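S.K.: Given chain A, work out where chain B should sit, using these hints.
Each protein sequence line maps, in turn, to chains A and B. Sequential numbering from 59 applies to the first sequence in this note's numbering. Sequential numbering from 699 applies to the second sequence in this note's numbering.
Rather than coming from a laboratory, the hints here were simulated on the basis of the structure. Quantities reported herein were computed from a predicted structural model and do not represent experimental measurements. Idealized CB from N, CA, C, for every residue including glycine.
A few chain A residues facing chain B, derived, Cβ under 8 Å:
no. : residue
1   : 178
2   : 180
3   : 185
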Amino acid sequence: MFRNLGEMVLLFVATVRALPRAWRERRKIGEQLYDIGNASLFMACVLSFFIGGVLSLQSGPVLVENGIGSALGNLVAIAMCKELAPVMMSILIAGRVGSAMAAELGSMCVYQEIDALRTLAINPIHFLVLPRVVAISVAVPCLVIFANLVGWLGGALVAAHNDRIAVPWSTFFASLRDGVDTGDILNGLIKSFVFAVCIGVICCHQGLTTMGGPRGIGRSVTKAVVNSLVLILILDYVLTRLLLPFDNVFSV
Amino acid sequence: MTASQSTGIPLSVRHLRKSYGGRVVLDSLSLDIAAGEIFVMMGPSGSGKSVFLRHLIGLEEPDSGEILVGGERVGPNAADPTHRLAMVFQSGGLLNSLTVEENVGLYLSEHRLKSPAEVARIVAEKLSLVQLGPPDAQKYPSELSGGMRKRVAIARALVVEPQLILYDEPTSELDPLVSLTIGREIVNLNSRIGATTVVVTHHRDLAFGIADRIAFLADGKILALGRPAEIRASSIPLLQQFLAAEFK
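Excised from the complex, chain A in its bound form (with noise of 0.2 Å):
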């Protein structure tokens, strides 16, 4: 295990020092955001607005009973933009984009792609490793912001339209404005970036160290979304902790 995170943590240093060709790459990173856009753009829309009506379902009703309504925008942004959105986005990535990239860069390491690319003196982590780590790093902050506002648009939809709660659209974007401010935003874009970053890393890892034909692809693949889920999980107590203090400073 701790041969295999000192392995990552070299991967990802190599990848940061080979972050001056991203330009050069540009073409293979458009590429790859564009696959995960289109692996998870739908996906993401779905989990998000259902993800928003829940909140608003669980927690509604009680605010109303307590005559708090008028503070659901405000809940249900927070939760969305803070915790769930950047955690369930990054879920969604990791099992669909991922598993993709740990089976693809296995499949190559099994059938001696990798092994090609070094006999013509083309580095894997330039070639292979830095324009997914660079697409997924950028897209999953994109797809939060995204997931926000969706989230926040299937929140303010069961609010207005659930019997029980039956806060108004005004009432809930005005509860919203008032509560949410650049600071939450921030905070789950920095979580979403972080956890892009381990994901694309470990995904990577994952698949070039597959060894032993199919199955190997297989284990590669199931421990990429394992492991990626796993860590998502933790650094987001350790990064929630962190960012707490920072909380005001970045208010706006």
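M.R.: Okay, now just chain B, sitting in the frame of chain A:
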């Protein structure tokens, strides 16, 4: 069969040893290969032939011993150095996400050695050397037959203008006719570009058909080394068994 205008480089292997988990795969291997020579490493499956080849291009690091290519020691990044090396992998090693044209021109385009127009010209030239035409250039590796994939892999290796070219089981999974074509290609290319050629195979016909010299490897040791006629005349029982094996 040595090329008249040899651009090849000599190769020296000294006491090369490699083991995996206590199992010795290469046991103190030593040999010299002359510039421009076609050298065939023959032996049964699992005898360490491919591992030997991977050491030559720096994809594996030896436990001990050294490899000198053109007088320079091969390190872990053998593809970077002064000498131009290329390898044709058993599976072809073509990138499935790229077309034939992109695969063949990958070395030039990634290192930005030529303009896109020049890359296209060189790719067409190398593909024609292995009897592939413009319609094949736009195909993906998954659309090609095994023989065509091998030929594309050879064309990709040629783009490097190699001084040393390594073939790992170039005729595996191919029918006898295609194997013959690939064998001829290896000889033709050697006489055309003069690169030192090392072929690893367990196909007797290919080995005796193309080799200047043959080494017979078994259990990580060279049991016999010499010209094809000398190998045929060898009295080593395992080698005789290997050469005479056939269905009755």
